[in-house]
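*Asks:* Spelled out, the chains give:
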Amino acid sequence: MAMKEELIKNAYSEAITAHRSPDKPFLKKSSTGSSEVIFSFRGSWAVKDWYSDKSQRPFGEKKINLKLFPSLRSIGNEEAADVNQAFEERFQLILENPKLKDKVQKAAKDKKQVVFTGHSSGGPIAILATIWFLEEHRKGNIIFSTLPLCLTFGSPLVGSHIFSHALRRENWSGNFIHFVSKYDLIPRVFLASLSANKQKFEKILNFLSQRSKQVPLHLAQDAQDIFTEVMTNALTLTSHVACKLMESTNLLLETVTNFIELSPYRPFGTYVFLNVGGNPVTSDNFNAVLQLLFYSCQPSSDDEVLEIAKRSLGDHHGYESELPNSFRGHNYSSDKSYAYEIDMLNKAADAFGLSTSGRLCLLVAGESEEQKKRNQEKVKSKVTDMERALKEIEHYKNVCELEKVGLYDSFKLQKDQKDFKANVKRLELTGIWDEIIELLKGYKLPDEFEGQRQWIDLGTQYRRLVEPLDIANYYRHLKNEDTGPYMTKGRPRRYRYQQQWREHEKKMEKGSSGESCFWADVEELFCQGNEKDVAKKIQKQVLQWEKEGEIGNDVFLHNSTFVQWWNSLDSEIKLNDIQPLIHG
Amino acid sequence: MEAEASAFETSEMVATFLASTPLVRESWRLCAAASFSTTGFVIEQIGHVGYLAFSSVQTGQAISDPNWARLVPFEAADDVVFGPLMTHGDGDGDGDGDDHQRPVMVHAGLLELFLSLFRSQALQHQILALKEKCKAVVITGHSLGGSAASLSALWLLCHSHLQSVSYSPSVLCISFGSPLLGNKSLSRAILRERWGGNFCHVVSKHDIMPRLLLAPSATLTPQMQLLLQYWHFSMSTTTSQFGNHRNAAAAQLGDQETAELFRFIMAYLENSSSEEAVKNLLFWPFGNYMLYSQEGAICLDNAASVIKMMHLMLMTGSPNDCIQDHLNYGEYVERVSSMYLKQRSFIRAEPPKSTYEAGLALALQSSGIPSQEPAATLAKDCLTMARRLGRTPRLKCAKLAVSLSKIVPYRAQIEWYKASCDESIDQMGYYDAFKRRGSTKRGDQVNMNRHKLAQFWDNVIELWESNQLPYDFHKRAKWVNACQSYKLLVEPLEIAEYYRKGTHLVKGHYLSNGRPRRFQVSDRWWKEGRTNEKENYARTKFTSATQDSCFWARLEEALEWLAILQSEHGEMKQDIWENISKFDKYSRRLVERKEVSKDVLAKNSSYTKWTEELNKLSSPLVSPAPSLPLVQF
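Chains as they are written, first to last, in numbering that gives the first Met the number 0: chain P, 0 to 583; chain G, 0 to 632.
Hint data in this document are derived by calculation from the structure and do not stem from the laboratory.
It should be emphasised that the depicted structure is a prediction, and the values quoted were computed from it without experimental measurement.
For glycine and all other residues, C-beta sits at the position ideal for the given N, C-alpha and C.
One or more of the hints may lead you astray.
What the hints assert, rightly or not - Derived DMTMM-like pairs (lysine to aspartate or glutamate); straight-line CA-CA distance at most 20 Å:
| no. | chain 1 | residue 1 | chain 2 | residue 2 |
| --- | --- | --- | --- | --- |
| 1 | G | Lys398 | P | Glu376 |
| 2 | G | Lys341 | P | Glu228 |
| 3 | G | Lys134 | G | Glu43 |
What the hints assert, rightly or not - Some but not every residue of chain P turned toward chain G, in silico, with C-beta under 8 Å:
| no. | residue |
| --- | --- |
| 4 | Leu6 |
| 5 | His136 |
| 6 | Asn140 |
| 7 | Ser247 |
| 8 | Leu252 |
| 9 | Val255 |
| 10 | Val423 |
| 11 | Gly430 |
| 12 | Asp433 |
Unchecked claim - Far from chain P, by Cβ distances over 10 Å, these chain G residues were calculated:
| no. | residue |
| --- | --- |
| 13 | His124 |
| 14 | Ala128 |
| 15 | Thr354 |
| 16 | Thr391 |
| 17 | Gly501 |
All chains, please: the whole structure from these sequences, using the hints.
*Replies:* Structure (structure tokens):
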């Protein structure tokens, strides 16, 4: 992505103008003839707008509102992003006024490039607005032809690592560009706990609100204290993250996390570090950026600490002189070569004159992304095996149907050699999928994985065919009596993941793609007695799934567990539409 | 293999992490305060972390014992229980020789010192109260105080182990310049319990105290006494008083003695670098060692590397350093934790070839060994020795999922075997059928499967205990469940084989002497995941596998009791009757709750026969058993 020269400067000047209009929630600027519309959000200098009064957490974070931002989660892991509570509250307040939505909608309709921008704590609002805009598009509420841009200047961190993960998965990550001045404290401030330093931070914000670049004498000590506090916490976090990325197995790392609080916040998108008198340093590797946030402003001696501490406040308002004339950003793409990535990181290390530790930390961040790609290659190499095994189970299903005992019931009986063989195939597939799930659980596959059509389809095919076998096995061995119902106590994670992938891709309601596991509900109703509503719901769903071809004919063989259950139903619960489907 | 070896040397990074937290600094501050307290320890709460610091000034047997490097087992602690560290048998039927069998031992004097504190000060109560009040507890101490801290932490870990069966509770022991505490078996037991991450021993570059016990100290006792006295005196005096008395105390410990001590220790350390000598060391480090120098710190969790690095770092010192450094922890801690904030220059002759080399050079620099010194090459070798060679834990675990899917069919075949035994005309269930099997092809096949499954699970547990799998592996439902199903189905066959071969006549009964470790570990995984769950699902049918996998082992013992009673007719043995009654009550409850699978109740199963025999024996016609109201069906 190449950006027009003036765009960065225009956006910055809009962001600053927004600060000066405290009564307006946002500003909109569209020069005639220009193809862009810039929406800018002002910052706030009140502590409560950085650290919510309602927050009980040391870092002021909360689970994000998934109604507003449904994509901001890790799908299979069911982990919602953390977001700074104060920022989310402020954004929701702005959104309550329909003006923003109207104007943005109009700009999109006019086929304009929508740009969101903000300086300081205006940055987080611009970020959330951009994500909201993208989510609205995904839901089909807003239609646009050009992806929006988000430019922030000296913005504090907003959310957890799920931001980076989810935005990459949705392919939105490349649209966020954050400019950070080499020493600016604010982009780093949330690496330390604000609740522990509230009073000092209040003084700092008060100073920043005056937009002065000179730190007065009486603030020098506070500046140094808070700078040291932020940097110490940043070091704890960055060294912990680096140890984890280096795959250190030292159990001390786990023990110590029970004793200290680590910041949940992580960068995402593309960062442009403005380097005084040098070329800006760019990176879209969130782990590398995290390391740079610490290492780029590390003092080289005791004498330097006070000076840098002062600059860390003064430079928050000094962006215009350092902004690059042009910016050749790059979209995040997974096929960037390893050599290129490492080269970029080495250049970044050179540009800032990083210490060996700093350089190593950058390289490990690069290496970990590369490892994810290698893992994906390995997994891909097993696709043919998976397809072959699926075909064999498909064949087994057909044989069962010819013998008039459906797949589910035949497998549950385990009478013949063919059932045993199908079990071996089932286990083979289990192994491969569990390997994938294990990697996903640790975020060891590229972030895009759970959004890729190939895997969603393969997962759905596998789930529809093989999950009934798992359920049959479960109830055959009476595991429901050992541990409880399959759905709550026994369902393997792989099927949960795959169901959620499909539901996310097709924007379905959570839990609505359960065509592979209704057998478990039937078994439970069979042995626990029928609950009227549940029984009706299952029948309706089965009819629906049958219509869409998502379940097989074998379900309706006259001696199948399903049909037997259906026969046992009281006539008032029974849906008679099932009757004509029964055969065999 | 090389491609999968770790690409990074992490000892320096782990030390950076730890030094950047307030834990080490606060611990030292409290250690210093404790040395002037009258009770010998202080307790303080900072945030949600509770600190307990022991004074470095300790007196008593520990110091005056002329034979002070004596080792004793934990049983010597008498009423103070160190559960999993006690020397009970491993139960590992395969018995793999040498030091696996050696009991866990600790320094007699240090244990006694700890016990005297523990008993006299109601310390036990205070530790538990602190743990109750604070989410996380740091136990710390300098010098001999550090030994007390280590033992307190061990006791607390053992205690939590007994209470809640939860692994790695929030207890962290930080010791400063403490002597070695126990033998290699202790080190191994701590690894196996996965408590290595709960101990961090801070050792300064030249301090001789933590290195003393790497040499047999019997010959050194007189010098030792003087040394301890000198240190004690220095530690219990404030700095202003210190100056005046310093010379007097130092005078007792002459230059010559000091030099001799240093030479002696160095000579031993030199020798102990050979592999053979390392094996014969009496004392052995455990947990993490954080080695401080003026230039930084490194953190190691590999015991062999710790021994070697302690030697190499001492080589750069002088006799006087090695005594003074024991008193310099405050300085080291302050210096190093403020150092990391600043950029450290890194001098190197040539650019490192790889990220691993770069990390190695960094670690070397932080350990204060100049790269031109001969020790540098040795130190590099030593750090490389601890390098992880295989895949990363996460990848290993992912791969293991595939291996599991290949091994499960063997279990499925055993399930078939079990079902076919239930249907067979013999009507004796798979336990008895397997125990009495002739040499049939099917029996051999099942036995082979049993072996393969055992091998697989032994390997998994070995990987887990040696920390090669993700740290939360034992909490993953997939693995806990798979291991549990394996245990429920196959352990009866292990028991059958044990009694079939008559192993119980040689080694004693299965339950107390023959149960393989894999099943014990499986029990713990299963229980840990289930601490909050109620277990009362009403069963409608008998389970597919008996829920107590040791049921048959209990029955074998009950069979023996019954035989004793039958043979010695006249004389009734009260306690045997009681045992039988207990088992009878227990087994009937299992049957009532349908927690046994139907093979237990097969017409010709050992259990059915046992109940029949018991009925005969206790039927009123034969000999009424007054204390046995429960036997009637």
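*Asks:* Each hint needs a verdict: does it hold in this structure or not?
*Replies:* Here is what the structure says about each hint:
no., hint, result
1, G:Lys398 <-> P:Glu376, "14 Å, holds"
2, G:Lys341 <-> P:Glu228, "13 Å, holds"
3, G:Lys134 <-> G:Glu43, "13 Å, holds"
4, Leu6, "35 Å, violated"
5, His136, "35 Å, violated"
6, Asn140, "39 Å, violated"
7, Ser247, "4 Å, holds"
8, Leu252, "7 Å, holds"
9, Val255, "6 Å, holds"
10, Val423, "5 Å, holds"
11, Gly430, "3 Å, holds"
12, Asp433, "4 Å, holds"
13, His124, "23 Å, holds"
14, Ala128, "19 Å, holds"
15, Thr354, "5 Å, violated"
16, Thr391, "4 Å, violated"
17, Gly501, "33 Å, holds"
Checked against the numbered hints above, the structure breaks hints 4, 5, 6, 15, 16 and satisfies the rest.
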